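If you want the building blocks of each chain, they are given just below.
Protein chains: 2
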Amino acid sequence: MSSTARARPLRVAAAQLGPIGRHESRAAVLRRLVALVEAAAAGGAALVVLPELALTSFFPRWVIDDPAEFEGFFEDAVPGPGTQPLFDAARRLGIGVHIGYAERAVIDGAVHHFNSSVLVDRSGEVIGRYRKVHLPGDREPRAGAAFQHLEKRCFETGDGGFRAWPALGGIVGMLICNDRRWPEAWRVLGLQGVELVLVGYNTPLHNPEAPGHDAHVKAQHRLVMQAGAYQNATWAVAVAKGGTEEGQALLADTLIVAPSGEIVAESRTEGDELVLADCDLELTGTYKSTIFDFAAHREPRAYGLIVERRGAGPPLQD
Amino acid sequence: MSSTARARPLRVAAAQLGPIGRHESRAAVLRRLVALVEAAAAGGAALVVLPELALTSFFPRWVIDDPAEFEGFFEDAVPGPGTQPLFDAARRLGIGVHIGYAERAVIDGAVHHFNSSVLVDRSGEVIGRYRKVHLPGDREPRAGAAFQHLEKRCFETGDGGFRAWPALGGIVGMLICNDRRWPEAWRVLGLQGVELVLVGYNTPLHNPEAPGHDAHVKAQHRLVMQAGAYQNATWAVAVAKGGTEEGQALLADTLIVAPSGEIVAESRTEGDELVLADCDLELTGTYKSTIFDFAAHREPRAYGLIVERRGAGPPLQD
Numbered sequence: 679m680s681s682t683a684r685a686r687p688l689r690v691a692a693a694q695l696g697p698i699g700r701h702e703s704r705a706a707v708l709r710r711l712v713a714l715v716e717a718a719a720a721g722g723a724a725l726v727v728l729p730e731l732a733l734t735s736f737f738p739r740w741v742i743d744d745p746a747e748f749e750g751f752f753e754d755a756v757p758g759p760g761t762q763p764l765f766d767a768a769r770r771l772g773i774g775v776h777i778g779y780a781e782r783a784v785i786d787g788a789v790h791h792f793n794s795s796v797l798v799d800r801s802g803e804v805i806g807r808y809r810k811v812h813l814p815g816d817r818e819p820r821a822g823a824a825f826q827h828l829e830k831r832c833f834e835t836g837d838g839g840f841r842a843w844p845a846l847g848g849i850v851g852m853l854i855c856n857d858r859r860w861p862e863a864w865r866v867l868g869l870q871g872v873e874l875v876l877v878g879y880n881t882p883l884h885n886p887e888a889p890g891h892d893a894h895v896k897a898q899h900r901l902v903m904q905a906g907a908y909q910n911a912t913w914a915v916a917v918a919k920g921g922t923e924e925g926q927a928l929l930a931d932t933l934i935v936a937p938s939g940e941i942v943a944e945s946r947t948e949g950d951e952l953v954l955a956d957c958d959l960e961l962t963g964t965y966k967s968t969i970f971d972f973a974a975h976r977e978p979r980a981y982g983l984i985v986e987r988r989g990a991g992p993p994l995q996d
Numbered sequence: 679m680s681s682t683a684r685a686r687p688l689r690v691a692a693a694q695l696g697p698i699g700r701h702e703s704r705a706a707v708l709r710r711l712v713a714l715v716e717a718a719a720a721g722g723a724a725l726v727v728l729p730e731l732a733l734t735s736f737f738p739r740w741v742i743d744d745p746a747e748f749e750g751f752f753e754d755a756v757p758g759p760g761t762q763p764l765f766d767a768a769r770r771l772g773i774g775v776h777i778g779y780a781e782r783a784v785i786d787g788a789v790h791h792f793n794s795s796v797l798v799d800r801s802g803e804v805i806g807r808y809r810k811v812h813l814p815g816d817r818e819p820r821a822g823a824a825f826q827h828l829e830k831r832c833f834e835t836g837d838g839g840f841r842a843w844p845a846l847g848g849i850v851g852m853l854i855c856n857d858r859r860w861p862e863a864w865r866v867l868g869l870q871g872v873e874l875v876l877v878g879y880n881t882p883l884h885n886p887e888a889p890g891h892d893a894h895v896k897a898q899h900r901l902v903m904q905a906g907a908y909q910n911a912t913w914a915v916a917v918a919k920g921g922t923e924e925g926q927a928l929l930a931d932t933l934i935v936a937p938s939g940e941i942v943a944e945s946r947t948e949g950d951e952l953v954l955a956d957c958d959l960e961l962t963g964t965y966k967s968t969i970f971d972f973a974a975h976r977e978p979r980a981y982g983l984i985v986e987r988r989g990a991g992p993p994l995q996d
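Here the protein sequences line up with chains A and B, keeping their order.
Here the numbering used here is used: the first residue of the first sequence is 679, the next is one more, and so on.
Here the numbering used here is used: the first residue of the second sequence is 679, the next is one more, and so on.
Because the hints were derived from the structure by calculation, they are not lab data.
A couple of the hints might just be wrong.
Stated by the list, open to error - Here are the simulated lysine to aspartate or glutamate pairs, DMTMM-like style, with alpha carbons at most 25 Å apart:
id	chain 1	residue 1	chain 2	residue 2
1	B	Lys-830	A	Asp-971
2	B	Lys-830	B	Asp-743
3	A	Lys-830	A	Asp-892
4	A	Lys-830	A	Glu-887
5	B	Lys-896	B	Asp-956
6	B	Lys-896	A	Glu-944
7	A	Lys-830	A	Glu-924
8	B	Lys-896	B	Asp-950
9	A	Lys-830	A	Asp-786
10	B	Lys-830	B	Asp-754
11	B	Lys-896	A	Asp-971
12	A	Lys-830	B	Asp-971
13	B	Lys-896	A	Asp-786
14	A	Lys-830	A	Glu-818
15	B	Lys-830	B	Asp-816
16	A	Lys-830	B	Glu-977
17	B	Lys-896	A	Glu-940
18	A	Lys-896	A	Asp-956
19	A	Lys-830	A	Glu-803
20	A	Lys-896	A	Glu-940
21	A	Lys-896	B	Asp-971
22	B	Lys-896	A	Asp-958
23	B	Lys-896	B	Glu-977
24	A	Lys-830	A	Glu-951
25	A	Lys-896	B	Glu-940
26	A	Lys-896	B	Asp-958
27	B	Lys-830	B	Asp-744
28	A	Lys-896	B	Glu-944
29	A	Lys-896	B	Glu-960
30	B	Lys-830	B	Asp-892
31	B	Lys-830	A	Glu-977
32	A	Lys-830	A	Glu-944
33	A	Lys-896	A	Glu-951
Treat the numbers as computed from the prediction; the structure is a model and nothing was measured.
Starting from the given sequences, assemble the full structure and let the hints guide the process.
As structure tokens, then:
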């Protein structure tokens, strides 16, 4: 066990957002974000964690035929002109920021679209960027569905893999929404010594593809967050867009999870709400040095199928 | 969702065991096992699942200097002369059997020791064998500990990897105890289309290596079983040795978990007890064809570190 003398305390604020309307102005959204950043700083947090696509409505629920409207959901740069008030406030208050946004990137002269997040430290410096790897949903609209889930149509698969960075006195990684259901994503961060994983999400309560799963949405969200944290001996923050957004009900249930897998703080509402916890990053060591001492206990020779197969196949033969 | 017409029902009996004494006779243990097999068959089960090291006390808790006593805990063959009454009863009753045992194997003329399990079908035919890959604990005794956990001293790492087999109308895989904490183990089974994972365990309630974790033992056990089942869209059976065995308290908490991650049946005692559930193997398809359609959603290019690193290392560089 870590002694108090060795503690590496980090006060984290998970800033849950209520719904954002399809036509809500960027200025109105930024006012909400700045209010949360100010409240987080007033609460003594060193980091405020905003959710996936925190600047806009969750637009992959629609088929958007108008290119101007579609492109209007994207940012060319974050931090950038469209988000300056947010990062100005954070730097002034000396608080780090994590935020998810729709990214338009020009790579070798070609335009690409990603579901991205960025981590900025307390001085305003960009620590790391992440482009979502596990895009759920469909490329083509689903006939008869009240809402679509067109992430595979709106975004490309992130091209940078899973990364962790030294930041805020520890090692910090980012995942986005559906990534949290994939143990491979957590493990690649765990193998980089991650101590704090930040996960923003927009999770609908109803899945037209599998209505029978709806009753389990909240339990499965908690399950994967708690398992990811425990099995990689890391703190984890899951921060939601909640409430009913443009008629679609979203899971709120913002959580902060300890390396034991225990939930130490959670949201009480479905709207804009700050969830604070003091995370002692040193606690990760009590698991990383014992049951999850990877060097002592992992057996990669037995794991080959994880990279050799994409889809499930038949049982291995003798 | 699967319709009733397509259901593939399998009634499974998880046969929890209470303590087995260090000097308890094999005949006495077999009487207990046969009673559980008979009760499972009487309850209509197609498969009875016995725990890890179900024939003996959990002997890795001791430093055993007497080679004769140490070797006495091992079997040269299961099914075999030492377990004939168990498999005779199962074949007579037409019920499949999973059992964990300490295996002594002669390979290329050399003697090896494994922590193993075997799956036998309803006609008495051996379907598959598994040798535990993730051995927890120590090679050398821990000074001052009331109980040791010397699995790395007693056994070699399993040499056959993680396997699943067509059996009992589905695809069945086996893990043993500590394996259940490792998402890689589950995933290698998931990538073989597994629909039912059998996990026997002997989990002490007190961990001398990390006493601070003791309060979380039960929650973490449930967490990894539920996450492993959900993230691989499989039924899962966790079957315990429980009670106080030779002065050491063991976690009971035998569970049967659905592909949703929901616990559908669990033990109520710490002793010999049968936990029954009707598992519709077809339910795995509602997840395997949607959110966990691996071919549609996995991204192995981003998973390389899982096989490239054994232990955690520094964050990846740009």
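Hint-by-hint comparison with the structure:
1. Using a Cα cut-off of 25 Å, the hinted pair Lys-830 of chain B and Asp-971 of chain A holds, with the two alpha carbons roughly 14 Å apart.
2. Between Lys-830 of chain B and Asp-743 of chain B, the direct Cα distance comes to roughly 16 Å. Compliance with the 25 Å bound is thereby established for this hinted pair.
3. For a cut-off of 25 Å, the pair hint linking Lys-830 of chain A to Asp-892 of chain A stands: about 21 Å separates their Cα positions.
4. Straight-line distance between C-alpha atoms of Lys-830 of chain A and Glu-887 of chain A comes to about 15 Å, which keeps the hinted pair within the 25 Å bound.
5. With a C-alpha separation of about 24 Å, the suggested pairing of Lys-896 of chain B with Asp-956 of chain B holds against the 25 Å cut-off.
6. For a cut-off of 25 Å, the pair hint linking Lys-896 of chain B to Glu-944 of chain A stands: about 22 Å separates their Cα positions.
7. Between the alpha carbons of Lys-830 of chain A and Glu-924 of chain A the distance comes to roughly 21 Å, so the proposed pair stays at or under 25 Å and holds.
8. Among the hinted pairs, Lys-896 of chain B with Asp-950 of chain B is consistent with the structure: their alpha-carbon atoms are about 19 Å apart, no more than 25 Å.
9. With a C-alpha separation of about 22 Å, the suggested pairing of Lys-830 of chain A with Asp-786 of chain A holds against the 25 Å cut-off.
10. With a C-alpha separation of about 20 Å, the suggested pair Lys-830 of chain B and Asp-754 of chain B falls inside the 25 Å cut-off, and the hint holds.
11. Annotation: proposed proximity of Lys-896 of chain B to Asp-971 of chain A holds, straight-line Cα distance about 20 Å (limit 25 Å).
12. At roughly 14 Å between alpha-carbon atoms, Lys-830 of chain A and Asp-971 of chain B fall within 25 Å of each other, so this suggested pair holds.
13. Of the pairs offered as hints, the one joining Lys-896 of chain B and Asp-786 of chain A is violated, with about 52 Å between alpha carbons and a cut-off of 25 Å exceeded.
14. A threshold of 25 Å between alpha carbons decides the hint, and for Lys-830 of chain A with Glu-818 of chain A the separation of about 8 Å falls inside it, so the pair holds.
15. A C-alpha spacing of about 5 Å is found between Lys-830 of chain B and Asp-816 of chain B, which places the hinted pair at or below 25 Å, so the restraint holds.
16. Using a Cα cut-off of 25 Å, the hinted pair Lys-830 of chain A and Glu-977 of chain B holds, with the two alpha carbons roughly 13 Å apart.
17. Of the pairs offered as hints, the one joining Lys-896 of chain B and Glu-940 of chain A holds, with about 12 Å between alpha carbons and a cut-off of 25 Å not exceeded.
18. The suggested pairing of Lys-896 of chain A with Asp-956 of chain A holds, with an alpha-carbon distance near 24 Å, which does not exceed 25 Å.
19. For the suggested pair Lys-830 of chain A and Glu-803 of chain A, the alpha carbons sit about 31 Å apart, so the restraint of at most 25 Å is broken.
20. Simply put, Lys-896 of chain A and Glu-940 of chain A have alpha-carbon atoms about 16 Å apart, close enough for the 25 Å limit, and the pair holds.
21. About 20 Å separates the Cα atoms of Lys-896 of chain A and Asp-971 of chain B, which keeps this hinted pair within 25 Å; it holds.
22. With a C-alpha separation of about 23 Å, the suggested pairing of Lys-896 of chain B with Asp-958 of chain A holds against the 25 Å cut-off.
23. A threshold of 25 Å between alpha carbons decides the hint, and for Lys-896 of chain B with Glu-977 of chain B the separation of about 32 Å lies outside it, so the pair is violated.
24. Between the alpha carbons of Lys-830 of chain A and Glu-951 of chain A the distance comes to roughly 30 Å, so the proposed pair goes past 25 Å and is violated.
25. Our distance criterion of 25 Å between C-alpha atoms is met by Lys-896 of chain A and Glu-940 of chain B, whose separation comes to about 12 Å.
26. Restraint check for Lys-896 of chain A and Asp-958 of chain B: the C-alpha separation of about 23 Å stays at or below 25 Å, so the hint holds.
27. Of the pairs offered as hints, the one joining Lys-830 of chain B and Asp-744 of chain B holds, with about 18 Å between alpha carbons and a cut-off of 25 Å not exceeded.
28. Between the alpha carbons of Lys-896 of chain A and Glu-944 of chain B the distance comes to roughly 22 Å, so the proposed pair stays at or under 25 Å and holds.
29. At roughly 23 Å between alpha-carbon atoms, Lys-896 of chain A and Glu-960 of chain B fall within 25 Å of each other, so this suggested pair holds.
30. Between Lys-830 of chain B and Asp-892 of chain B the CA atoms are separated by roughly 21 Å; this keeps the pair inside 25 Å, and the hint holds.
31. Taking the CA atoms of Lys-830 of chain B and Glu-977 of chain A, the gap is near 13 Å; set against the 25 Å cutoff, the hint holds.
32. With a C-alpha separation of about 30 Å, the suggested pair Lys-830 of chain A and Glu-944 of chain A falls outside the 25 Å cut-off, and the hint is violated.
33. For the suggested pair Lys-896 of chain A and Glu-951 of chain A, the alpha carbons sit about 18 Å apart, so the restraint of at most 25 Å is met.
Comparing the model with each earlier hint shows violations of hints 13, 19, 23, 24, 32; every other hint is respected.
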